[in-house]
Amino acid sequence: MKHPLTKTALAAAAFASFAVPSFAQDSIYVPLLTYRTGPFAGSGVHIANGMRDYLEMLNQRDGGIGGVKIVIEECETGYDTKKGVECYESVKGKNPVLIGPYSTGITLQVIPKAAVDKIPVLSMAYGLSASADGTNFPWVFNPPVTYWDGASVFIRHVIQAEKGDLKGKTIGLIHLDAPFGKEPIPVLEALAKEYGFTLKLYPVPAAQMQNQGSQWLAIRRDKVDWIYNQGWGAMNPTAVKEAVKNGFPIDKLVGVWWAGGDDDARAGEAGAKGYKTLNFHNTGADFPVMQDILKHVHEKGLSQAKKEQVGENLYNRGVYNSMLIAEAVRTAQKITGKKAVKGEDVRRGLEALNITEARLKELGMEGFANAVKVACDDHNGHNKVFVSQWDGTKYVKASEWMDPMKSIVRPLIEAEAKDYVSKDAGWPKRTEPCEKG
Amino acid sequence: MDLASLLLAPAFFAFDLLGLLKSIFVTPFADMAAMPDLLVQTIWEGLVSGVLYALIALGFVLIFKASGVFNFAQGIMVVFAALTLVGFHEKGVPAWLAVFLTLGVMLVLAIAVERVVLRPLVNQPDIILFMATFGLTYVLIGLGEFIFGGEPKQMIAEQLYIPRGPIDVAMLGGRVTFQKIDIAAAVIASVMIIALALFFQYTRIGRALRAVADSHKAALSVGISLNQIWVIVWFAAGIVALITGIMWGARSEVSFGLDIIALKALPVLILGGFTSIPGAIVGGLIIGIGEKLAEFYWGPLVGGGIESWIAYVIALGFLMVRPQGLFGDKIIERI
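Chains as they are written, first to last, in our numbering: chain A, 45 to 481; chain B, 41 to 375.
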């Protein structure tokens, strides 16, 4: 008979191997931190469906990426930072090729862990804007645009609408009173100085998301000309409803790309026609990639989305996010010559990411999105953005693709990154060699 | 710091202090006088919020009076009732029939809570019952998400003939906008509160409830069925939850985010007392109006967003004067 301690150790080892299976040998493990429950589920469900369906489509149509099956596993965060960190800890031992935290709060928590655990963080158009500085954040990527880029494109749009003169204008930022909501403040403050407008801030605490009467009354008092909405979850439909209710000109309410859910606009009913949101991909299900999703995933009953939701704005956002994941993995396979790549390989793939128009066409995404390029020192690319407008039933493209004000945004990013690093005495100096796309 | 700066510092300090005092004690009142229409608008917004807070608080008070239990699940009951209503309508049930079916579901829930949660825990310490309502909250969240999914839904306001649209009134040199839905919310909530107050004051069941609230043992000794009273009270709280869900849902959307709003009832209860229906009403109005005025006139001093905690400051301020709340029963115990 074996010693009881040996038996216990064997049992523990067996349990540990059961609890944390490794997916490195013959598959690509992609954990998806999603939220299908809680107060932010209204936005989270559609993104989760889009992300999962694109990866599932690759599995069904192509047998995965480069012939290697993708293992998709969702972890429910409820958009709660604590739960998100628990999710990260539970998946990190399973050799994930990257982590997409899908919350700025969670992103801020996992950024310091990325270099230690050798797991790249892909916070697609969210998270810490300063992490676009690849020199200081070699393991963090946030393409195609930062919140600061978004705020600068919003101001560019206002300048166009106001025929170049913002002096004497009042621009308000209504935002979730959380790290995500506060992100655009530094760049809007810098732009207020540059263009001579008055900036007013209207924070909405999470507990008041569905009770914004005071904020909209203050907007009326301050005679605000334009409003930028950095909201999420239940805050967005309420903001649209309040704008309609208070008679605020709806075409002067512009949401960040996360405030562009179809349900957000629908909440305002007929009065929401004209509501605007920034975007970096198109809506609709006519693109070949969406047709493939319908054919290979939806028709086989493998999707959790309703058919009419395929092509909605936030669903397509999820598809776009997974396209970036898949292209990073593909690039990593190309660079390393390995099929079953690991986190360290995909970090290199992300840094060498160069999705050209030709590649988008191959992906069935011609006209769906714009080209994206990431570089060693620039982990974002500061790519182009456009304005979408709600026509009463769907979002339609309402402007040309616009460049962010990189000359203003980039120095702020570098200064902020330097500041972030200087506050953390043990922050590691970049040792990873640069990848070229 | 050079000498000149050092010498100037107290002057700057005095200047800042004066400025601060002015912005706390003078500017807000000057703004109120300069734009009285906005003051009326703010008070109206606070009044509407207050009535809705009072409705939520009422659900807590009803259950606390009958069983001494602080029902943590009241917030999720609001969400569950509203989702059930919308869910029935999505299945093709006419709106008014959906209301009655939802009431049926809330009755079944009340019976289930009494049988499964309360009855087995009779004579257990209050904290055990409180923890049981925690469990109930998560069961209802899970059940709600399982049945209805996590996506938000639009309240069927139009089908329920809840009026919408603004009424603009020119007054005090400006404009005050009253939303028809807010007027409807205030009227419905007031009728509901009066009806409940009359029911518990003048009916046999109401008197039985008050007897149970005073002493479970005494009530049992005169033949009052504790179980029956609990079902009635939980059902009444379910009705209140449905009305609250309809009104809040129509103002925003029906989602699990509404659960958070229930937390606004806590300062109302601290202020009004856990056992008083008039306390819930007056407390709701004080908190509703107080937080809107504070956010609108004093919020900008600290960058805004004070609404979520200022209600507790107001409630704690009252608590220092009346620890049992404005209308709560004064507890006198012999040592």
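Keep in mind that the hints are not guaranteed to be accurate.
Unchecked claim - Covered stretches of chain A, as calculated for chain B (at least 3 residues, CB under 8 angstroms): (1) 140 to 147; (2) 154 to 166; (3) 227 to 238; (4) 278 to 291; (5) 460 to 466.
To be verified - Footprint (simulated), chain A over chain B, 3 or more residues, beta carbon under 8 angstroms: (6) 68 to 81; (7) 183 to 197; (8) 288 to 296; (9) 332 to 345.
Claimed, not checked - Calculated pairs, BS3-like style, for lysine-lysine (alpha carbon to alpha carbon, straight line, at most 30 angstroms): (10) Lys220(B) / Lys317(A); (11) Lys213(A) / Lys193(B); (12) Lys131(B) / Lys350(A); (13) Lys220(B) / Lys438(A); (14) Lys350(A) / Lys378(A); (15) Lys105(B) / Lys317(A).
Note that these hints are calculated values from the structure, not bench results.
The beta-carbon is built from N, C-alpha and C at its ideal position, and this holds for glycine as well.
Are Lys350(A) and Lys378(A) close enough, with their CA atoms no more than 30 angstroms apart?
violated (36 angstroms)
Is the Cα-Cα distance between Lys220(B) and Lys438(A) 30 angstroms or less?
holds (28 angstroms)
Three or more residues of the region 460 to 466 of chain A near chain B by CB distance under 8 angstroms?
With 0 residues closer than 8 angstroms to chain B, the region 460 to 466 of chain A misses the three-residue bar; violated.
According to a criterion of three or more residues whose C-beta lies within less than 8 angstroms of a C-beta of chain A, is the region 332 to 345 of chain B covered?
holds (count 8)
Hint consistency between Lys213(A) and Lys193(B) [alpha-carbon to alpha-carbon, up to 30 angstroms]
At roughly 37 angstroms apart (the allowed maximum being 30 angstroms), Lys193(B) and Lys213(A) break the hint.
Are the Cα positions of Lys131(B) and Lys350(A) separated by 30 angstroms at most?
The given pair, whose Cα atoms are some 16 angstroms apart, holds under the 30 angstroms limit.
Check of the region 227 to 238 of chain A against chain B for coverage (Cβ-Cβ below 8 angstroms, three residues minimum)
This one is violated; 0 residues, fewer than the three required, reach chain B with a Cβ under 8 angstroms.
Can you confirm whether chain A covers the region 183 to 197 of chain B, using C-beta to C-beta distances below 8 angstroms and requiring at least three such residues?
holds (count 6)
Quick one: see if chain A covers the region 288 to 296 of chain B, three-plus residues with Cβ-Cβ under 8 angstroms.
holds (count 6)
For Lys220(B) and Lys317(A), compute the direct alpha-carbon distance and say whether it is at most 30 angstroms.
Holds - the C-alpha atoms of Lys317(A) and Lys220(B) are around 21 angstroms apart, at most 30 angstroms.
Annotated coverage of the region 154 to 166 of chain A by chain B, confirmed only when three residues or more have a Cβ within 8 angstroms
violated (count 0)
Residue count check for the region 68 to 81 of chain B against chain A: does it reach three with CB-CB under 8 angstroms?
holds (count 3)
When each numbered hint is compared with the structure, violations occur for hints 1, 2, 3, 5, 11, 14, 15.
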